[in-house]
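Protein chains in written order, with our numbering: chain A, 3 to 652; chain B, 0 to 97; chain C, -15 to 358.
These are calculated hints, taken from the structure and not from any lab test. It cannot be assumed that every hint is accurate.
[As the list claims (entries may be wrong)] Calculated pairs, DSSO-like style, for lysine-lysine (alpha carbon to alpha carbon, straight line, at most 27 Å):
no.: 1; chain 1: B; residue 1: Lys33; chain 2: C; residue 2: Lys331
no.: 2; chain 1: A; residue 1: Lys180; chain 2: C; residue 2: Lys238
no.: 3; chain 1: C; residue 1: Lys307; chain 2: A; residue 2: Lys180
[Stated by the list, open to error] Which residues of chain A face chain C? A few of them, derived with a C-beta cut under 7 Å, are:
no.: 4; residue: Val641
no.: 5; residue: Leu644
no.: 6; residue: Phe648
For clarity, every value in this text was computed on a predicted model and none was experimentally measured. Where is the CB? At the ideal position from N, CA and C, for every residue including glycine.
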Amino acid sequence: MPNATTIALIPLLPFAGFVLLGLFGRKYVKNYAGLIGTALLLVSAALAFYTAYDYFFVAGKVNGVYQQLNPMKITWLAFSQNLSIDLGLTVDPISVMMLVVVTLVSLMVHIYSLGYMKGEKRFSTYYAFLGLFTFSMLGLVLSSNIFQIYIFWELVGVSSFLLIGFYYNKPSAVAASKKAFIVTRFADLGFLIGILILSNQAGTLDFHQMIATLTSPESNAVKNAAASSFLGLSAITWGAALVFIGGAGKSAMFPLHIWLPDAMEGPTPVSALIHAATMVVAGVYLVARMFPVFSITVPAVLEIIAWVGAISAIFAAIIACTQTDIKRVLAYSTMSQIGFMMFALGVSKYGGEAGLGYTASMFHLFTHAMFKALLFLGAGAVIHYVHSNDMQDMGGLRKKMPITHITFLLACLAIAGVPPFAGFFSKEEILLAAYHGNTAIYWIALITSGLTAFYMFRLYFSIFWSKPSGANSHRHSADDHHHGEGGFAMMLPLVILGAGAVFAGFIPFGEFVSTDGKPLASHFHLMFSIAPVALGLTGIAIAWVLYKKQNSKPDKLAASLSGLYKSSYNKFYIDEIYLFVTKKVLFNLIGRPAAWFDRNIVDGFVNLTGNTTVLISEKIKKFQSGKVQLYAIAFLAGVIVLTVLFIYVL
Amino acid sequence: MNEVLVLMKNELALTAIIFFLLIVKISGGMANRKLLPVIHFLLLLNFALGFFFNKEGNLFGDMFYTTPLIALQKHFKPWRLSYFTAFLRLDETNPAPS
Amino acid sequence: MKRTPHLPEFVTLMLAAMLGMDLMISSANMLIFYLSLELATIPVAAMASFDLEKKTSSEGAMKMILSSAFSSGILLFGISLLYGTTGTVNLPELSQSLNGSPLQIMAFVFFFAAFAFKLSVVPFHLWTADVYEGSPFAVTAFLSVISKGAVAFIFITMLYHVFQPMLHIWYMMLVILAVLTMVTGNLFALRQQNIKRFLAFSSIAQVGFILVGISSYGTMGVVSATYFILVYIFSNLAAFGVASVIAEKTGKEKIDDYKGLYQTNPFLTWMMALALFSLAGIPPTAGFFGKLFLLTAGASRADYWFILIAALNMIISLYYYLKVVRAMFMDKNENPVERLHTSNSVKLGLIICGAGIVFTGLFSWIFDYIKSLS
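The whole structure should be built from the sequences, with the hints applied where relevant.
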């Protein structure tokens, strides 16, 4: 059994960093803040790797099945005899896998930021926030209780709010952090109501017991829940759907994705941490954590999950093809890849071979964390060098930034699904699962993976090959000799993650992670892989033709597809639709009448009664007490209405 | 008699403070600056009293009854009041600009 | 209260009102209840007029005493009807003779309305904003926090133990009034520019949430309401405390005046932000747990529309509370409130409230303790 103290230390060390740097950072340890934070995280990552080794190879298996262990459990708040909020640690294959991912990526970002954020005025504050975020994310991963996960979920939201809005002098950054906060809060409300419903039905908040209760068809909870319904759906269906809405908000699934591209206003390493590998996959993790409930009790919701994932995947991929801000391209790419993970879960079933989608989803989460973090960090290095986010200002950088170039290329190959890089293996598994689960989604996924290869290589060629075409491109190319690619601190993470992008695919993931804990043999059909790989290579080839050299072909193509191009460039006007709904529809339909009622009826009534009585009362007294009569009238009216209502109507 | 003392301790303590203030007023008054700490102290005593001798019971032929929960609910108040009096000192230390 | 020569009187009035509340919570007889209710009300009206130089203060007091007299009249009428139909004013005996006849329902509505008035439940709330705005800050805080808390406690006892045979009636009544109260309180709070009126209307909305918890009829209802009131006291006092410091020293009461407060008064700003976060119910402050328990208690009756409306109101309230927070932290202001010197006793008071907001939520034994008592 893994040691509870060791595991508890993994999240607590970054938290210690937060407290230490938050309290003393600015005054005392200013210059060492980064090193302190990084050192603490290094220890935390080492413990995470040790835990993973211990769990997967030594202690985790009983009779060939990985067990879910709870090395620690403290009852924190007891609602009633059987409903309590606990603080616990869960150790099972997915939580251990996430521990490794989160600590590894966070460590890379910590190291990278030593170079990237150097000279920043609020350097120690930045590291304090990073520590807080890492702590909350690790806490979320380890939660043994749906309520505990909610608390960490909110903490993750708050700390990402702080990090995205780190440049608080920049109005766009502040606006973006607000948008992210508000959108995810709406989703979180759904999550909270979902928790209340599910816990009410299951009679527990503990994941383990909840899953056990809600998945056994004989249990009273399931029988009762099937009987009681609200708007035609059973309570459990509602609960599960609402929980998924919470996950969809955090994971930027369509149509709750609007906050993600704007959130790129934060520092780039932050994007690598939050928007590539950790926070945005929290939704996927949540669905995976409650997977038995979704797949056994409410398959209808799982179907919705599959479609939401698939639509998000292709929708984001199309938008990514036309964006020119490199971070936004990466943001939409992230959304698309998370869509892959979502629908892989959606098409999966519980147990044995049919659970391939689940394994594939987690596998893709793992490999995606490596190469997407690498892409963001590489993009950060490029932005650091060029001082612009726009790919039109870049070009021909392959000679000037050799390490960034090579690692970026590796990551692009990985995400495009070219064998033998990491993305190939995980994507192949997802496609296979989709092929067996839902043919329509399989075709969507196939097209999307072709698009993925295209837009990633469009990005790659524009940055590293063709010449800059933007208006202010010459300004930087003239004086670029004064700093190089970035120091050792920035290059080391690129190299490490590059190695991950190449080799992570060879891990026999099915051995470790599956729906029921039994090993799942991974199998490859050569024939099956031909179609996606060929599509991927075609995408790369098209990108090569269009973007390798400066030419007019892309513009011509854009012109000939102008309608599609325009709507894709404008992100299919989703933001505008939201604005329309909130500003025009909600404001006009609810706000205006309410304001009118308020102004004309309430105030008018008040003024009318007020004025008449004032005339009388002013002669008697020096101050206006006329409103008191109105109060008495309202009081009496309330009494009468209630009396009539309860004696004669109800 | 003992029963009354225990069950009505909150009410009796408050009455005692009221009488104390009355005596102060009658005997010529006290500067606010001096009086406030004394009130604070008395309220603090009242607050401390709330932690002890909480039990269930009836008095005066079922006109008055109390339980530990009711005692707790009453207990919410003394410290709130001492909080207010803390704010009354505001003007003593920092006269308003007007 | 500026250098008032009448401090002993003021404190005496406060203590007398408190004595009334204590007796009220403990009363097991309608007459004792009525007398102690008056004892808890009249001194407060005197306190409300204590700002002798301000006309609004005496006006507020006047309004309060008149409306209270009105509600007392209705209450007495209700009590006399109850006595007429049951022949007793002793609460346990009264409970046994209730049969739900129309006359008793009418008596109950009268009785209920008096509570609703004291708790400022819509539509019996109209006096609140004027009185709150006119009175000195300490009195406003006293009214919105202490007297409401005490009345809510006796209200629970009355509903659960005395009017328990009329459960189906008062449940529906609570549902209707809770929805009305939350919606109205929120809609009005959205439009307020004056911080006192803002807090007054937001506290009306908070009472709506208390009604949600009370409606559950069970141990969870008592416990969650008691817990919430404890948390609410901390949060509201901290908010009123900061507002009163600023108002007493600079005379500024507009929300716009709070713009850029963080630049000059970080301590006060953090305390205000903490209080507002707790009132808005953002985890991990205690306010979040308070609201959560209330909603969980309310949900036990499985009226999901009701809970949905309550949850939506939580979101609306989030908006206006955060608006103030944003004004303090993010908005620029050419001439913000100057740096204020706060005395140690005030700081101590605020810190106690702040610690209360944080620890009441985090330390589960407080909740467990309340639960073990009921």
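Quick rundown of the hints versus the structure:
Pair hint Lys33(B) plus Lys331(C) holds up; C-alpha atoms about 20 Å apart against a cutoff of 27 Å. At roughly 24 Å between alpha-carbon atoms, Lys180(A) and Lys238(C) fall within 27 Å of each other, so this suggested pair holds. Under the criterion of a C-alpha separation no larger than 27 Å, the hint pairing Lys307(C) with Lys180(A) is consistent with the structure, at around 12 Å. Here the hint on Val641(A) is kept, as its CB sits about 5 Å from the closest CB of chain C, short of 7 Å.
At a threshold of 7 Å, the smallest CB-CB gap from Leu644(A) to chain C is about 5 Å, leaving the interface hint in force. For Phe648(A), the suggested interface contact is upheld, since its CB lies about 5 Å from the closest CB of chain C, less than 7 Å.
Checked against the numbered hints above, the structure breaks none of them.
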